[in-house]
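Residue numbers (numbering that gives the first Met the number 0), protein chains in the order written: chain A, 0 to 387; chain B, 0 to 390.
In case anyone wonders, no lab produced these hints; they're calculated from the structure. Each residue gets a CB set at the ideal place from its N, CA and C atoms; glycine is no exception. Do not take every clue at face value.
[Unchecked claim] Here are the simulated DSS-like cross-link-like pairs (lysine-lysine), alpha carbons at most 25 Å apart as the crow flies:
id: 1; chain 1: B; residue 1: 199; chain 2: B; residue 2: 171
id: 2; chain 1: B; residue 1: 171; chain 2: A; residue 2: 97
id: 3; chain 1: B; residue 1: 171; chain 2: A; residue 2: 73
[To be verified] Partner residues are not named here, just some residues of chain A that face chain B (Cβ under 8 Å, in silico):
id: 4; residue: 61
id: 5; residue: 62
id: 6; residue: 158
id: 7; residue: 244
id: 8; residue: 263
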Amino acid sequence: MKFLPFIWRQLARNKLRTALTAGAIGLAVSLVCLLLTMPAGLDALLSDVASNTRIVVHNEAGLVYPLPYAYLQKIRAQPGVVSAASWTWYGGVFREEKGVEFPNFAVEPDPLGSVWADWKLDPQQLEAFRRHRDGAIVGRGTLLKNGWKIGDRVTLKGTIYPVDLSFLIVGEIASERAPHFWFQREYLDQALRAAGRGGLDILGIVWVRVDDPARVAPLMREIDELFHNSEAVTASETEKSYFANFFSMLEGFVTVILIVTGLVALCIVFIAANTASMAVRERLGEIAVLKALGFSRRLIFGTLLTEAVLLATLGGALGALGALGLTQLLRSGGGWNPALGPLGSFIVTQTILVQGLFLALFVGMISGVVPALGAARRSVAETLREVF
Amino acid sequence: MLPLRYSLGNLAARRTRTLLTVAVIALVVIATTLFGSLVSSLRRTLVGTGDERNLIVLRKGATNDGSSVIPLEAFQSLRFFEGIARDAAGNPLASPELVVQPFFRTAEGGRENVLVRGVEAVALQVHDEVAIVEGRMFQPSSGEAIVGSGVAGRYVGARVGDTLPFGRGHWKVVGRFDSNGSSFESEVWVDVRELAADAKRTIPYSGLRVRAADGADMDALARRIDADPRYALEALPEPAYYEKQAESANSLYFIVIGLAVLAGIGAAFGATNTLYAAVQSRRAEIGTLRALGFSRTAIVVSFLIESLAIAFGGFAVGAALAALLGRLVSYWLGGIAFGAATFTTNVIQLRVGASDLAAALALALVIGLAGGLAPAAHAARMRPIEALRRA
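Assemble the whole structure, with the sequences as input and the hints as a guide.
Next comes the structure, spelled out in structure tokens:
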């Protein structure tokens with residue numbers, strides 16, 4: 000500890016170099032943190048949002064293949080089903096030139112609180128949603144991005160159904176990762192009838208809350224068997240597997256991101272190693288004098304290594320904080336991006352910050368070890384002869 | 000002027016330091032090239048789709064052909080519009096198409112939405128960049144399908160001769176087609192009536208593609224389609240349509256540019272460090288050079304050449320490795336899947352293109368210049384007497 004001022008002095012000796020190295024390490028660490036938010040967004044979605052007693056039932060052929068609306072009642076009647084709600088894709092656009100910017104679904108208001116009990120929806124907002132036929136509950140991510148707040152009116156233009164609907168936002172889903180826009184199924188149904196299109200007799204997918212985790216697997220089998228010989232064959236799966244499958248197409252992209260992250264991390268090692276070796280090379284004479292004065296090899300090694308680690312960690316800390324600030328900026332401008340899905344949430348979590356700092360620490364160790372060892376081992380007489 | 004050999008010799012004299020800096024720049028080049036080529040491959044695939052002589056006709060307000068429906072009567076009357084090209088037999092080159100996105104299984108057991116396009120035989124004439132490279136075209140009403148090359152390699156049962164399960168039925172794969180790398184290669188084509196039956200669509204078409212006749216006024220044709228009061232339709236040149244679809248890739252560009260800028264600044268810092276150290280350890284040498292009568296400019300230029308040489312070396316190593324890595328990644332993953340705004344999968348082959356390399360070269364040279372300038376100026380400012388005295 001008492002050598003800390005000494006080490007600090009050494010860092011302060013060539014301020015420009017220290018600043019440049021810390022800057023380079025900081026930038027690289029912030030990049031690593033930013034890149035890690037992408038796969039982390041996917042993981043967070045799978046572990047946070049996915050409940051182990053919620054299953055999803057959809058058409059076996061694909062998500063764009065609808066199911067008859069009557070399926071919802073049949074599913075509700077199965078033993079073990081606490082509640083079930085359907086989602087029907089409306090495909091509404093807010094800004095016409097942008098296309099569908101957030102997923103919007105027609106839902107039944109009553110089962111929401113039970114099916115998504117883990118989302119902690121506000122009971123009063125749910126009540127308001129029930130009362131207002133044109134009400135909408137919107138994910139915080141979408142609210143933030145569009146600058147909407149509860150009480151606002153928004154109109155979405157239908158792309159699949161020939162009706163445009165005007166909504167009153169009455170509640171929010173309190174997660175920045177939630178992009179959803181929910182509105183009453185009955186509202187769409189009536190609008191379609193008013194337009195002379197007949198009612199809404201299909202649904203997209205059904206979410207089911209199961210009473211007991213042990214019932215999940217048998218129930219999924221029973222539901223699929225129930226509709227096996229019907230006009231639309233269903234496939235049931237857990238919420239986790241549903242999302243994992245939904246985003247499996249992003250796997251290749253995530254692989255490329257991870258490779259790039261690894262390259263950038265390697266880059267930091269080289270930058271730090273370069274600086275550490277320069278620092279040692281310039282000080283060979285000095286180190287020899289210290290050793291001649293009686294400082295042990297271990298002490299020399301320790302101070303040099305600490306110097307490298309300190310520098311890297313400082314740079315890393317700056318970088319991690321920088322990433323935190325940058326993501327705030329990115330999110331205010333970006334939001335839910337259909338092309339990126341959960342990769343585009345850009346949330347630097349605590350885990351990512353810790354990972355970034357550990358990376359810097361690790362880099363400091365690796366980069367400092369070889370030059371420090373070299374300096375500690377070098378023979379005093381030889382060095383002094385060379386230098387003077 | 001100092002000879003070039005002097006600058007390059009200096010690099011060779013401090014091998015470790017030079018190599019580490021080259022490695023840093025090479026890594027930055029690899030990282031940005033790889034990421035950049037992913038985005039530009041995606042854009043190339045999307046934007047490269049479509050023919051400028053073709054119009055895509057959708058329902059008004061539909062943003063893509065997945066969210067559009069076109070009634071049979073509209074197709075029947077529209078195909079005889081003036082200005083639409085005809086084949087040798089006098090049939091109009093108007094292709095009615097239906098798209099659906101069923102699940103396909105990947106070899107690893109995952110599932111992805113793949114765009115299946117129901118077409119008639121005329122589609123091959125309207126989309127004449129599509130060429131069957133293996134097998135033959137499907138026969139109507141016989142449960143046959145042809146697959147794009149991107150699909151064939153990625154999904155279970157999608158090779159020629161296989162039976163491909165999707166939608167409600169099983170389809171026999173009788174051919175494989177290429178389309179110069181455009182997004183059609185990530186599609187499966189089947190008979191439009193069979194697909195409509197399978198998907199239980201009462202309205203069989205989601206869009207039309209029409210080929211304008213040679214010398215016909217495309218704008219006039221589009222306006223006539225837009226203005227037809229019987230059907231609310233909208234015609235758009237195909238390239239403009241796909242350009243719009245590719246917009247989802249634009250936000251990725253910002254990420255890549257941000258990545259390149261951040262990594263570039265970091266690498267420039269690293270290069271600056273190296274050159275500062277070089278200047279510092281060559282004080283006496285620089286003093287001597289100045290005393291011998293070499294000008295400040297000569298010294299600046301010599302140091303800049305040194306740093307540009309490092310940057311160029313880094314670029315060369317990085318570019319070669321990036322091209323290799325791109326191919327390896329593509330090969331491992333069977334093409335990189337990417338979901339566009341329509342939630343269908345585009346299978347992209349990661350290819351490092353000339354423009355990606357040009358951007359990487361520019362980045363490397365900027366790093367070299369930025370990293371070399373300050374130390375070079377520092378060296379040039381040294382007064383010969385002082386430099387020699389202190390040494």
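Taking the hints in turn, this is what the structure says about them:
no. : hint          : verdict
1   : 199/B / 171/B : holds, 20 Å
2   : 171/B / 97/A  : violated, 38 Å
3   : 171/B / 73/A  : violated, 35 Å
4   : 61            : holds, 4 Å
5   : 62            : holds, 7 Å
6   : 158           : holds, 4 Å
7   : 244           : holds, 5 Å
8   : 263           : holds, 6 Å
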